[in-house]
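**Student:** Those protein sequence lines, which keep their order, are chains A and B.
Remember, my numbering sits 457 above the position in the first sequence when you count from 1.
Remember, my numbering sits 5 above the position in the second sequence when you count from 1.
A few of these clues could be false.
[Stated by the list, open to error] Heads up, simulated SDA-like pairs for lysine to any residue below, C-alpha to C-alpha not over 20 Å straight-line:
hint : chain 1 : residue 1 : chain 2 : residue 2
1    : B       : LYS31     : B       : ASP90
2    : A       : LYS483    : B       : GLY63
3    : B       : LYS31     : A       : SER485
4    : B       : LYS31     : A       : THR552
5    : A       : LYS483    : B       : GLY101
6    : A       : LYS483    : B       : ASN64
7    : B       : LYS31     : A       : ILE504
Everything labelled a hint here was simulated from the structure, so no lab data went into it.
Predicted model only: the values in this text are computed from it and were never measured.
Residue strings, one per chain:
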Amino acid sequence: SQQGEEDPQALSIQEGENATMNCSYKTSINNLQWYRQNSGRGLVHLILIRSNEREKHSGRLRVTLDTSKKSSSLLITASRAADTASYFCATDRPTGNQFYFGTGTSLTVIP
Amino acid sequence: DAGVTQSPTHLIKTRGQQVTLRCSPKSGHDTVSWYQQALGQGPQFIFQYYEEEERQRGNFPDRFSGHQFPNYSSELNVNALLLGDSALYLCASSLGRQGWDEQFFGPGTRLTVL
């Protein structure tokens with residue numbers, strides 16, 4: 458079963474614009490991570506944010522975490538055509554016994 | 006430095022057959038996790054191996070089994086294949102007892118069950 462849900466399911470923007478996608482999850486977490494997947498192949502780790510952190514940056518990526526609302530957002534600034542991919546949030550619980558991916562957001566960046 | 010490798014790339018089987026998928030972790034990693042990803046869905050956790058033992062398991066039936074070898078490579082076995090087992094099977098490696106931080110994924114094996 459999926460622990461998280463991404464919103465929106467699909468997003469289409471022009472190159473240079475910012476892209477924001479959201480993730481909501483159901484239970485307490487230990488860490489939240491974002492991954493990117495190109496064309497149904499392997500996933501690439503983007504960023505990890507721990508439950509005691511509220512914001513994290515990595516290059517053009519900005520991730521926020523609100524544990525009171527059980528939600529996270531991923532912002533990609535100055536998007537490029539190469540950012541076209543599916544983006545998934547993933548969480549692990551304090552018990553550490555499973556790892557859950559969300560349903561994903563499909564991002565299309567139009568050149 | 007080789008990343009995570011998986012074999013085969015594609016596989017076609019018929020219902021009732023058995024299949025074995027293979028994974029070699031990134032150099033220096035000792036933990037291997039397996040995921041099933043149906044078309045249009047997020048990956049679902051099958052199980053995780055650490056020190057040659059199954060450490061965690063998701064909600065998958067016993068038809069799904071695995072193994073980890075002393076060199077940390079791993080196999081996923083699926084018995085009595087069903088049509089619903091058709092999916093992309095992803096292997097991920099990581100380091101350490103926690104095993105969830107920054108997993109490195111292989112390209113996956115596309116399994117089609119006819």
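**Student:** Hint by hint, say whether it matches the structure.
**Tutor:** To see whether the hints hold, each was checked on the structure:
1. LYS31(B) to ASP90(B): Given pair LYS31(B), ASP90(B) is violated - Cα atoms ~26 Å apart, limit 20 Å.
2. LYS483(A) to GLY63(B): Judged against 20 Å, a Cα distance of about 17 Å means the pair holds.
3. LYS31(B) to SER485(A): violated (30 Å)
4. LYS31(B) to THR552(A): This hinted pair is violated, its Cα atoms lying about 26 Å apart.
5. LYS483(A) to GLY101(B): Violated, at about 26 Å.
6. LYS483(A) to ASN64(B): holds (17 Å)
7. LYS31(B) to ILE504(A): holds (19 Å)
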